[in-house]
Every structure is written in structure tokens, then in C-alpha cells.
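Enquirer: Chain residues, written in single-letter form:
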Amino acid sequence: MYLFTGKILRNRQLTSDIRHLRISAPADFCQQSAPGQFIMLSCNDGLFDPLLKRPFGILNRGENWFEVVIKEVGKGSLQLGEMKEGAIVSGHGPLGNGYPEINSDLNKDDLTPLILVAGGMGIASIASCLLFSLKSSIKAGSRVLLYGAANLDELLLLDEMKESAPDIRIETITDDGSSGRQGWVTELLETELQQYPEALVFACGPEPMLINVQQVLRKVSARGYLSLENRMACGFGVCLGCVQDVTGIDDDGTVESAKVCTQGPVFPADKVVF
Amino acid sequence: MYLFTGKILRNRQLTSDIRHLRISAPADFCQQSAPGQFIMLSCNDGLFDPLLKRPFGILNRGENWFEVVIKEVGKGSLQLGEMKEGAIVSGHGPLGNGYPEINSDLNKDDLTPLILVAGGMGIASIASCLLFSLKSSIKAGSRVLLYGAANLDELLLLDEMKESAPDIRIETITDDGSSGRQGWVTELLETELQQYPEALVFACGPEPMLINVQQVLRKVSARGYLSLENRMACGFGVCLGCVQDVTGIDDDGTVESAKVCTQGPVFPADKVVF
Amino acid sequence: MVDLRVEIVPGLVLKNPVLSASGTFGYGREYASYFDVAKLGAVITKGLSLKPKIGNPGVRITETACGMLNAIGLENIGIDSFLANELPVLQNLGADVIVNIFGNNQNDYAAIAAKLDQVEGIRALEINISCPNVKAGGIQFGTDPESAARLVAAVRKATTLPLITKLSPNVTDITAVARAVADAGSDALSLINTLLGLAIDLENKRPVLGNVTGGLSGPAIKPVALRMVYQVVQAVSIPVIGIGGIASAEDALEFLMVGAAAIEIGTANFINPQIGIEIVEGIRDYLDQRKYLKITDFIGCLQS
Amino acid sequence: MVDLRVEIVPGLVLKNPVLSASGTFGYGREYASYFDVAKLGAVITKGLSLKPKIGNPGVRITETACGMLNAIGLENIGIDSFLANELPVLQNLGADVIVNIFGNNQNDYAAIAAKLDQVEGIRALEINISCPNVKAGGIQFGTDPESAARLVAAVRKATTLPLITKLSPNVTDITAVARAVADAGSDALSLINTLLGLAIDLENKRPVLGNVTGGLSGPAIKPVALRMVYQVVQAVSIPVIGIGGIASAEDALEFLMVGAAAIEIGTANFINPQIGIEIVEGIRDYLDQRKYLKITDFIGCLQS
Ligand SMILES: Cc1cc2nc3c(=O)[nH]c(=O)nc-3n(C[C@H](O)[C@H](O)[C@H](O)COP(=O)(O)OP(=O)(O)OC[C@H]3O[C@@H](n4cnc5c(N)ncnc54)[C@H](O)[C@@H]3O)c2cc1C
Ligand SMILES: Cc1cc2nc3c(=O)[nH]c(=O)nc-3n(C[C@H](O)[C@H](O)[C@H](O)COP(=O)(O)OP(=O)(O)OC[C@H]3O[C@@H](n4cnc5c(N)ncnc54)[C@H](O)[C@@H]3O)c2cc1C
Ligand SMILES: Cc1cc2nc3c(=O)[nH]c(=O)nc-3n(C[C@H](O)[C@H](O)[C@H](O)COP(=O)(O)O)c2cc1C
Ligand SMILES: Cc1cc2nc3c(=O)[nH]c(=O)nc-3n(C[C@H](O)[C@H](O)[C@H](O)COP(=O)(O)O)c2cc1C
Ligand code: FES
Ligand code: FES
Chain A
1 MYLFTGKILR
11 NRQLTSDIRH
21 LRISAPADFC
31 QQSAPGQFIM
41 LSCNDGLFDP
51 LLKRPFGILN
61 RGENWFEVVI
71 KEVGKGSLQL
81 GEMKEGAIVS
91 GHGPLGNGYP
101 EINSDLNKDD
111 LTPLILVAGG
121 MGIASIASCL
131 LFSLKSSIKA
141 GSRVLLYGAA
151 NLDELLLLDE
161 MKESAPDIRI
171 ETITDDGSSG
181 RQGWVTELLE
191 TELQQYPEAL
201 VFACGPEPML
211 INVQQVLRKV
221 SARGYLSLEN
231 RMACGFGVCL
241 GCVQDVTGID
251 DDGTVESAKV
261 CTQGPVFPAD
271 KVVF
Chain B
1 MYLFTGKILR
11 NRQLTSDIRH
21 LRISAPADFC
31 QQSAPGQFIM
41 LSCNDGLFDP
51 LLKRPFGILN
61 RGENWFEVVI
71 KEVGKGSLQL
81 GEMKEGAIVS
91 GHGPLGNGYP
101 EINSDLNKDD
111 LTPLILVAGG
121 MGIASIASCL
131 LFSLKSSIKA
141 GSRVLLYGAA
151 NLDELLLLDE
161 MKESAPDIRI
171 ETITDDGSSG
181 RQGWVTELLE
191 TELQQYPEAL
201 VFACGPEPML
211 INVQQVLRKV
221 SARGYLSLEN
231 RMACGFGVCL
241 GCVQDVTGID
251 DDGTVESAKV
261 CTQGPVFPAD
271 KVVF
Chain C
1 MVDLRVEIVP
11 GLVLKNPVLS
21 ASGTFGYGRE
31 YASYFDVAKL
41 GAVITKGLSL
51 KPKIGNPGVR
61 ITETACGMLN
71 AIGLENIGID
81 SFLANELPVL
91 QNLGADVIVN
101 IFGNNQNDYA
111 AIAAKLDQVE
121 GIRALEINIS
131 CPNVKAGGIQ
141 FGTDPESAAR
151 LVAAVRKATT
161 LPLITKLSPN
171 VTDITAVARA
181 VADAGSDALS
191 LINTLLGLAI
201 DLENKRPVLG
211 NVTGGLSGPA
221 IKPVALRMVY
231 QVVQAVSIPV
241 IGIGGIASAE
251 DALEFLMVGA
261 AAIEIGTANF
271 INPQIGIEIV
281 EGIRDYLDQR
291 KYLKITDFIG
301 CLQS
Chain D
1 MVDLRVEIVP
11 GLVLKNPVLS
21 ASGTFGYGRE
31 YASYFDVAKL
41 GAVITKGLSL
51 KPKIGNPGVR
61 ITETACGMLN
71 AIGLENIGID
81 SFLANELPVL
91 QNLGADVIVN
101 IFGNNQNDYA
111 AIAAKLDQVE
121 GIRALEINIS
131 CPNVKAGGIQ
141 FGTDPESAAR
151 LVAAVRKATT
161 LPLITKLSPN
171 VTDITAVARA
181 VADAGSDALS
191 LINTLLGLAI
201 DLENKRPVLG
211 NVTGGLSGPA
221 IKPVALRMVY
231 QVVQAVSIPV
241 IGIGGIASAE
251 DALEFLMVGA
261 AAIEIGTANF
271 INPQIGIEIV
281 EGIRDYLDQR
291 KYLKITDFIG
301 CLQS
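Residue numbers (our numbering), protein chains in the order written: chain A, 1 to 274; chain B, 1 to 274; chain C, 1 to 304; chain D, 1 to 304.
One or more hints might be untrue.
As the list claims (entries may be wrong) - Think about it this way: if two alpha-carbon atoms lie no more than 25 angstroms apart in a straight line, the pair counts; the simulated DMTMM-like pairs of lysine to aspartate or glutamate are:
#1 Lys-51(C) / Glu-256(B)
#2 Lys-75(A) / Asp-201(D)
#3 Lys-205(C) / Glu-250(D)
#4 Lys-205(D) / Asp-285(C)
#5 Lys-84(A) / Asp-45(B)
#6 Lys-75(B) / Glu-281(D)
#7 Lys-7(B) / Glu-85(A)
#8 Lys-75(A) / Asp-45(B)
#9 Lys-7(A) / Glu-72(B)
#10 Lys-71(B) / Glu-250(D)
#11 Lys-84(B) / Glu-82(A)
#12 Lys-71(A) / Glu-203(D)
#13 Lys-84(B) / Asp-17(B)
#14 Lys-162(A) / Glu-187(A)
#15 Lys-205(C) / Glu-7(D)
Rather than coming from a laboratory, the hints here were simulated on the basis of the structure.
Input sequences plus hints: build the corresponding full structure.
Expert: Right under this line is the structure:
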């Protein structure tokens, strides 16, 4: 974990309220960041409104920079999203446990099929798998991104993901039918799991979607991981603000509470008790 | 009085902690601003730290802009001083009563000699007389600026003032002797008043200096005005936070409290009770 | 368009629930350059006493994190000057006027209430029993249910005007004081006044404020204010007016949702002199968009 | 270089006056990745109870203006697990450990105090009689001087460890509680715990927090905390530890100037995990620059 200040290197507007930022960072931080991990960010050093840092998924990283996508929903994300190039941010990360590492050796035949499921801003977490780990390990057909959003405009980062992982199959679905079918992304998941029942599923999105994903996985006894976004004060396990009921972390099946920030944000799908 | 948002048109660094800002403003605001008046400024709309607007003297104004000099002493002035071109500020003004209008008809022979006295950041208020009202009404000799500061570097806006009022005589004095004599600006005032006992004096600077100016004026029974800088919450007369003891506002000589924001910041020197 | 009228006391119907908090709105006239103050539910005056009061010496205000401390010390022009010079101005402006009063002792309170009893153009009295900045002026009444009740009963006898008692947050159990003054005949309650606080001037090794301590107001105190309004609304059956850190229509709506019959805007007036009217309009827009016909359908709509 | 040592209780000398506030420092180990926690005056643990406690359901934290509300509900691993799994880690790290305790009733408090009495490596107990988020856990003790005194007397009997009693700010007169627990045998006091507050989720028409109300902490409460420390320092002769909104060395110095013997850092730890050590160093630099030889010469140096 690193505490550092970085500079805004790029601030690209994706939609009216979504920004794609590239921020400078120490090489060690970049190296250690893994898909599904997150960073706590603030940009008002010395002032107390907003007070707490805000958690954002680490979307991508290079040698001396990382990227985030920020949807402006309140004062913290607004302030971060409106930063100009050259502005300074404080960062704390990489935090949490990301997605499990998967077999990415293309030469092996038993490459597990992988289904990535993103709903809305959940893409920030899911895209990290494509942008900085699976890059070259996609086998046509066996790996797919199912991506649901409100409408065509809200489907983010499609070009970046295709460029980074050209062989990924992407299926979109929207609330209003403006891209792909009209419907929920979990409908796509059901179809996909019929074809690849042995697939591993990574999902991130709003809680109702995750609940749905969990049900779909249970129905067909598929394996998967959910990335949660509980409210966080600290992000590193000391405030107990972000806890989520889970079963059997100690493998005895009883319900206990886990810290999403340090034991998650990615949890085995069957352990999360919504 | 206007409530408006303006854009930073220019931000020039005068010293390590003093900035000279030009900010866009409605024409009416600019027209109505007079030397010695002030404006309340903030630049963090929607956030509450800093909470209150901060008062700054209106240094200069054009058709659609005004200028301030800001010394960065705390979080509010720091935030304002660090604003980049294009950033947005909220303004409220012009507020208060500036310096009295003086005879500026050069053709008249009885032009009252005027002595301007500035200590430190008091120049922000005093310079406004030279930058936007006396411009062309300086008769050589009869009008002088006495300007004291910590050192040479802290003597601000000299070029601007000379350009705007070429005939003004400027005498400087510094704490360390790096420009002009070493000493207090009130020493210069005493000398000057010996020569022009009938002069009118405008003074702005830290309270100890103003107390001194008041004493000097009393000693020779000279007329003058002091511009005060009490802490302000509202700036327009509703919080009673900025009051100053004064005598005889109602001309009966009893001590009462005046609101510096609306009854000042410029007061007849003999009325202020320190 | 949604009907914003609220009835604070039988007979005291305000055109909307947005009032100015005492001590943050002068005597009203300063705001007339910024908006039509007649459009507020009511203007509540700076706290007034029988005689003029000069307030505290030294530094009176200082900013804190998302708040400010004040120790004005209830400086005011006195009730006579108010009636002669300020009330007519407010009436000319068309404002609905509520007069905030305080005294050194029970008799003072009763005397000023009696004096205002038959005055044309005063809609109600707000009794300040909670100013933390002066020994007189309330705090000693405001923190003890029995003294508070005695005071309110005395004022009650002295006037037929609707009485709003303004409560102090510096207490263990605000519902106890609330119940006591309700029982003593207060028609409504307003809360909270400021929290007692201190700021230190590190370099000069002394308190920033001339009065040492001061009253904390502004957004910083909103969570405490909301909690107390929530508690008091459940504890009494008279209307409660919410105060504390309100700086937007959303803030105001939160207090109304919790059950406040109206709200007062304090510190936010200093930052934006037009905030009063902006909040009236913001509330209207919010409720219109959600198809409310009357604001009273919204008040108290918190689910639990 | 200035001597930063402070004696909290005869025999309890801390290397400096900067402590971590309970509930904001976990059990200490998480911070070891950020700085050497042995460099703090002491690490105060999350509040511990006899049995593990699962805390409150639903949303537990929410940000407010310059502050935050929490309703964690005293979730903790229980004293046995602490002694078995956490205390050894803290000791390995070289930290001076103060254990914060609470119970459902007086017997619980006494039992946990007795249990810790002879444990190696515990420097003192901090008794939480002021958590606003659970019925048990103190608030009912913390707001009434007599119950508070009875509780402290019971704990006093159960242990020979130095006792620090942590006071609630949600009271009319904090000096009354302070005096009562001092008389009952508390060796020192710490204050303030959180102010009780409420946040509303406007769109969903319900309180944000699962527990409805929560405890307000952070810079927003600093003025209230400073005021209470100022009052209590004058009211009792035992040492007072200042807590509330401390986020910089200057903040810490203000509390020390007012007379606090030490300070605790809470919410600020969340924003900057290294703030503890930065404040230790900031205090040292400040006092060195001003040529203080010992910090005890600075403590209480406020002029009035
Ligand atoms: C592990 C994790 C990863 C995330 N990744 C991203 C991302 O890549 N891109 C992105 O746009 N958003 C992401 N979010 C959500 C993002 O943190 C919130 O949108 C943001 O904190 C809102 O802050 P605000 O000040 O704008 O809103 P406010 O409503 O003003 O925030 C108030 C408080 O609530 C918290 N909060 C509010 N909404 C959320 C939320 N949906 N989730 C968690 N906390 C919330 C804030 O952190 C803050 O403490 C992530 C959240 C988590 C927990
Ligand atoms: C009428 C008037 C005109 C002024 N003109 C200028 C100017 O042209 N240029 C300039 O640099 N400064 C000027 N000042 C001083 C300027 O307002 C303060 O330096 C500034 O408010 C400090 O704010 P801060 O947030 O940086 O400091 P902080 O110390 O964080 O401020 C905390 C609070 O104290 C008040 N405060 C702090 N220092 C002062 C001070 N010296 N005077 C008044 N209030 C203070 C702030 O306004 C704020 O409310 C003027 C003050 C007044 C009253
Ligand atoms: C500068 C100032 C002066 C005040 N004067 C009075 C007063 O005279 N009488 C009174 O009842 N309350 C007074 N108050 C308290 C406010 O009316 C209000 O209760 C308090 O500020 C909390 O609201 P806010 O957070 O919106 O400011 C004053 C507050 C401030 C900031
Ligand atoms: C998330 C959180 C959890 C807390 N848990 C405890 C606790 O278990 N025991 C306790 O005595 N105080 C607890 N507190 C109170 C703090 O120790 C401290 O008194 C309070 O937060 C004020 O200090 P601050 O403003 O620096 O945060 C907690 C505070 C927070 C924010
Ligand atoms: S966010 Fe603090 S413990 Fe997870
Ligand atoms: S600053 Fe408010 S009355 Fe002058």
C-alpha cells in the first residue's frame, strides 16, 4: 500500500457526467496494482469538505501512471472529475483483493472460459481485467464480456477494451434498447452459462444486479466472483464501516461480517449474504 | 450590490505568497465600484470548507473586470490565490464606503494636498485611489504615497501605480532598509505633514500602524481617513461580527459600535476608538 | 403548483416554511436589496431586549471547519428603536415579522412580551432561552426544564401572540426541555440554537474570541440539529421549527421530512444573501416535480 | 530536542502525547504498513467487550459537512480473541497499548477489567461510557453523573490498571460527569466521544444509517471538543486527554495549550493513515522551533 500524490495527466470526458482520468503514480504502486483492486482518492489537501477519500477501481496502469473512470454522483466524485490537467490528487492504494488470477497460458488447452459481467459503472472494475491482465490471453469464443447499461451513451470504454483484448467477444444490453437487446445483463448471463456451464464468472455492478447474478449462478451451480461497492470511510480495514455479511469465510457456513475493503471487494459469489 | 460569478482572467504572482488577480465581472458592478470599497469572494461553490466568503479590496476595475491583490495567509486566501485562469469565483459587492471623493479638478488652484499611507497589504486599498480615481489629478508635489513594507520584495504594484498616476511622488520605507529608509511609514507621515499640514490623509495597513497614524494626525490636528480590516462573516451589515468602537457617528461624542462592513471600512481617523 | 403554506399555530399560517434565523438577518432591510423578503415564510428579527445592548468586546466571529463561532453577545438596538425605526420598514416591505426576544430575567422577558402584545404587524414571538454567549439571554433558562417552563409560563401570561420557544442543543435531553415548555404554554418550538464551542489562537496563546467561547453554527452542526428535531418531533405534539446548518433546499427538505413544520436559515444567509428565496424556490421545484399538491403531505414523510 | 514525554498517571509515562482514538485504529496492526506504531504515545484499541459483538446492520457510515457519522455498533472480536491474536502482534510491534472496554452492564465492565488486570503489556484501560450507537456500551452511564460514578467505582475495584474514563459530549454539563468519575477513582479522563447526529436519505425517505442515528466525529466537532476540554481541565485535578476533530499538529497543540495532558486522533486516521506520526513530528518541530525543553511547559499555556 502506498500513500502518494499524483498529477492529472489526462482528463477525458466520456459522457456528461463520466470522466476518464490518467494520473501519475509511483512505479511500485503501478506494478503492484491488480485487476479489481481499488484506490482511495482525494484532491483537496488541507480542506475538510469533502472529508474522506473516495474509492475508485484501478482501471488500468502503466509504468508511472494509472487510470480511473469516475462517475460524478456527489461532491467528492464531482471535485475529482472536474480536475484539470496538472492538478494534484492524493492517492492511497492499491487496496483490497482483486479478481483471482486465472489461467492465462494460451498454450494450455484447458483454458477456463471466463464470463465478465458489468452493469453500469461496474465496468470500471470489470474492464481492468481486460485492460491490464488478460490482454493477450483471450481465446476466441471462450471469453466474453456481457455489458449492460442504461443506454448506448453509457456504454463506456468499448474501444479501449477491444484494442487491448481484440479477441474478446462483447455483448451489450441496455435499459432502453439503444444498443444490443433491451433488458438486463443477467439475461445474457443465463444464455451464456447454458453454453459454457463450466465458465468462471466475474461480475461488478449495482447491488440488485449482483443479487441477480448470484441467483443465476446458484441455479446452474456455476462458479463466480462478485465485486462489491459498500460505503467506505478508511479503505484499509480499520473503521468497520464497509462490512458485508458473508458465509463461511472460516468455512463453517455461519454468517459473519467481512470487511469489503480488505477481505474484498471481490468475494466468491456464493459466500455473499445480501 | 451585486452577486455574481466571474472568471479568473489573469493570475500574476507578485511574491511567493501574493497574487494579483483580474476577474471578469458585470459592467454595473465595475462602474459602481469606488476606491476603498471591497468585495467578498469565494471559489468553492457547494462545498463548505472554507465556509464564508473573504473580503478583499477592489484594487482596480475596467469595463468588465476588476482586480484584487491577495496575500495567502490562510485557507481561503490560499484557495483564491491558487486559482488558475478560467476558474470561477463568486463575488458579492461592491461593499462598504470607500474613501471620500476629493477635489480632482486640476484646473482649480486649491487642490487639497493628499497623503496616501500604506503599510504592507494596506496597499491593496490605498492603490485603488491611484489606479482608478486619481489617475489624472495628481499635481506634482502636492500628492504623495508613503509606502512601508517588510522589505523591497513586499513593495507591490509600484510600476502600475506610477503608470496610472505618473505625477505621484512615492516614498518607500522598509523594516530592513532594503528600499528607502529603514523604519516605519508613520515616520514619513510626520515629515510630510510638517510640509503639508493642511493635507488630507488616507491610510490603510495593520492595526498598530493605524493606531500610530491616528496619533500622528492628532498631534498636528490633521484630517484623515483610516481603512479598517476587521474580521467579517457577512460583509453587508447583518451579522454584527465586524464592529468597531467609534465616537460620535451621531456626533454626540459617545462611544458606539459601528459595522466596519457597511459604515466603513473607511472611517474618519478621529472617530475610531482603538 | 404545490401549496407551500404551513400552519405553525392555529391562526398563524405562513406562506411557506422558510424563515430567516434570528441574528443572521439583521432587521431584514439589508436583504431587501437582494430579494423580496415578503416572499419568505417570515422574517425573524435579531434578538431584541428591553434596552439596547452593546454586545461583546473583542473578536466576535471566527470560522471553523464547515462552521463558524460567534460571540456577538446579543447586541441589539432595543425594542423601542425597533418599533420606531425597523418594524415600519419591514411592514413596508410586506414581510411577515416574528420578533425574537430575550431578557436578563423572567420579568424582562414578560415585559418585552407584554409590550409587543398588541403591536400591529407582529405575527409571533420567538423566545430565545438558549443563547450561549451571554449569561443573560437565556442559556441558564434553556438547559433546565423547570426554569424554562417557568419562563415560558410567565411570557405566556404577558401576551396573546403565538409563542415559539427556541431551544438550546447544549443539553443531555432536549426532549425534556421541549416537553416542559410545551406544557407551559409554548405554541411551537424552534431548534437548535448554537452549540457552545471554543477556538484557540495558537500564535497568541489565547482564545480567538473576546468572549472566550462562542456559538457554533453552519453546516457542521446539521447532523446534530436533524437528530434533535427528529427526537423532539416525536416527543411533543406542538409544531417544531428546524434550524441548524441549512444551506440548500435539500437540507431544508430533510428537516421537513423528519417532521419540522418549518425551517430557519441562519449562517447560510451570510454566504449567499439570496439563499432564502432560492430555498423557497428549490423546495417548490422539488415538490412540484414529485407531484405533491401540498407541502403538508411531505412534512414528516420519513419512513422508519 | 524537546522532551515529549507526558505522565498521564503516576507511573504511566507515555513517550509523547499522541494516541490513537478507539475505533479508528483497528487493533493497530493495519497501521504497521504505514509507520512505526511504537512511535505513538500509545495505541488505543477498538472498544472490546467480554464476548465478540457483531455490530449494527445496514449502512454504518456517512459523510457530513467536515465530519462523518458512524453507527458501527461496537463490533469487536471480544476480549479473548484480542488477547490471543491481537495483543501479541501489538507487543511485537513495540506499541504501548491501552485497551478500550465497554459492557452491557456494570458487571460486564468489572469482569473485563478484572480479566485484563494482570495481563502483561497493557498500560491502561479506557472505559467507554459514551458510545451513542448502542444501548449497551455506555451512553446511559455517560450522561448521568451518578451512574457514571457507580460504574467507575466498580471498575476501579476490579483492576489495578490506570483507568481513563471516556466521556460523552451529549450532556448539559460535562464537568458534572467529569467530577463524579474523578471522585469515583478514575485516574484520568478522555473526551470527547462522538456527538449524536442524524443524516437523511432524501430520495429514499429514510435515515441513511441502519441504526437511524450515529456518532458525529471529525473536524466539524473540534470547537465543541476544545470547549469541553477547556471546561473539564478547570473542573478536575486529574489529567484530561483531548479528542475531537484533531487533524494536524496545530489542532493537537490547541488541545495541549488548553490543558490536555495528551490527545487522541480519530477520524483523521482514515484520511491519512500516517497522520499519527506526522502529528508527533509536527508537535516536536513546533516546540523545538520555539525552544521548549519539555512539552509539559507548553501544556496549559493558554493565557486568559
Ligand atoms: C471498491 C469500490 C470501487 C469503486 N469504483 C468506482 C469506479 O471505478 N468508478 C466510479 O465512478 N465509482 C466507483 N465507486 C463508487 C464511488 O466510490 C462513489 O461513487 C463515490 O465515493 C461517491 O462519492 P461522492 O462524494 O461523489 O458522493 P457522496 O454521495 O457525496 O458521498 C458521500 C459518501 O458516501 C460514499 N458513497 C456514495 N456513493 C457510493 C457508492 N455508490 N459506493 C460507495 N460509496 C459511496 C462516498 O464514498 C462518501 O463517503 C467504487 C466504490 C467502491 C467501494
Ligand atoms: C475590508 C477588508 C479588505 C481587505 N482587503 C484585502 C486585500 O485587498 N488583500 C488581502 O490580501 N487581504 C485583504 N484583507 C484581509 C483578508 O480578508 C484576509 O487576509 C483573509 O480573509 C484571510 O482569509 P484566510 O481564509 O486566508 O485566513 P484564515 O485565517 O483561514 O481566515 C479565517 C477567518 O478569519 C478572517 N480573517 C483572517 N485574517 C483576516 C484579516 N487580516 N482581516 C480580516 N479578516 C481576516 C477570514 O476572513 C476568515 O473569516 C481585507 C480585509 C478586510 C476586512
Ligand atoms: C452571528 C449570529 C448571531 C445570532 N444571533 C442570535 C440571536 O440574536 N438570537 C437567537 O435566538 N439566535 C441567534 N443566533 C442563532 C441562529 O438563529 C441559529 O439558531 C443558529 O445559527 C443555527 O443555525 P445555522 O446553522 O443555520 O446558522 C445567531 C447566530 C449567528 C451565527
Ligand atoms: C468509526 C468510528 C468508530 C469508533 N469506535 C469507538 C469505540 O469502539 N470506542 C470508543 O470509545 N470510541 C469510538 N469512537 C470514537 C472515537 O474514538 C473518538 O472519540 C471520536 O471519533 C472523536 O474523535 P475524532 O473527531 O478525532 O474522530 C469511534 C469513532 C469512529 C469514527
Ligand atoms: S472501509 Fe474502513 S474497514 Fe473497510
Ligand atoms: S461583517 Fe457582518 S455586520 Fe459587518
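Enquirer: Could you run down the list of hints and mark each one as holding or not?
Expert: For each hint, the structure was consulted:
1. For a cut-off of 25 angstroms, the pair hint linking Lys-51(C) to Glu-256(B) stands: about 15 angstroms separates their Cα positions.
2. With a C-alpha separation of about 15 angstroms, the suggested pair Lys-75(A) and Asp-201(D) falls inside the 25 angstroms cut-off, and the hint holds.
3. With a C-alpha separation of about 12 angstroms, the suggested pairing of Lys-205(C) with Glu-250(D) holds against the 25 angstroms cut-off.
4. As the CA atoms of Lys-205(D) and Asp-285(C) are separated by approximately 17 angstroms, the hinted pair is consistent with the 25 angstroms bound.
5. Restraint check for Lys-84(A) and Asp-45(B): satisfied, since their Cα atoms lie roughly 17 angstroms apart, inside the 25 angstroms limit.
6. Proximity of Lys-75(B) to Glu-281(D) is assessed by CA-CA distance (about 22 angstroms); at most 25 angstroms being required, the pair is judged to hold.
7. About 18 angstroms separates the Cα atoms of Lys-7(B) and Glu-85(A), which keeps this hinted pair within 25 angstroms; it holds.
8. For the given pair, Lys-75(A) sits about 11 angstroms from Asp-45(B) by alpha-carbon distance, which is consistent with the 25 angstroms threshold.
9. Distance restraint check for Lys-7(A) and Glu-72(B): the Cα-Cα separation of roughly 23 angstroms lies within the 25 angstroms cut-off, and the hinted pair is therefore satisfied.
10. Between Lys-71(B) and Glu-250(D) the alpha-carbon distance is near 21 angstroms, which keeps this suggested pair within the 25 angstroms criterion.
11. For a cut-off of 25 angstroms, the pair hint linking Lys-84(B) to Glu-82(A) stands: about 13 angstroms separates their Cα positions.
12. Distance check on the hinted pair: Lys-71(A) and Glu-203(D) sit about 19 angstroms apart at the alpha-carbon level, within 25 angstroms; holds.
13. Of the pairs offered as hints, the one joining Lys-84(B) and Asp-17(B) holds, with about 15 angstroms between alpha carbons and a cut-off of 25 angstroms not exceeded.
14. A distance of roughly 23 angstroms separates the Cα atoms of Lys-162(A) and Glu-187(A); the hinted pair therefore holds under the 25 angstroms criterion.
15. Under the criterion of a C-alpha separation no larger than 25 angstroms, the hint pairing Lys-205(C) with Glu-7(D) is consistent with the structure, at around 23 angstroms.
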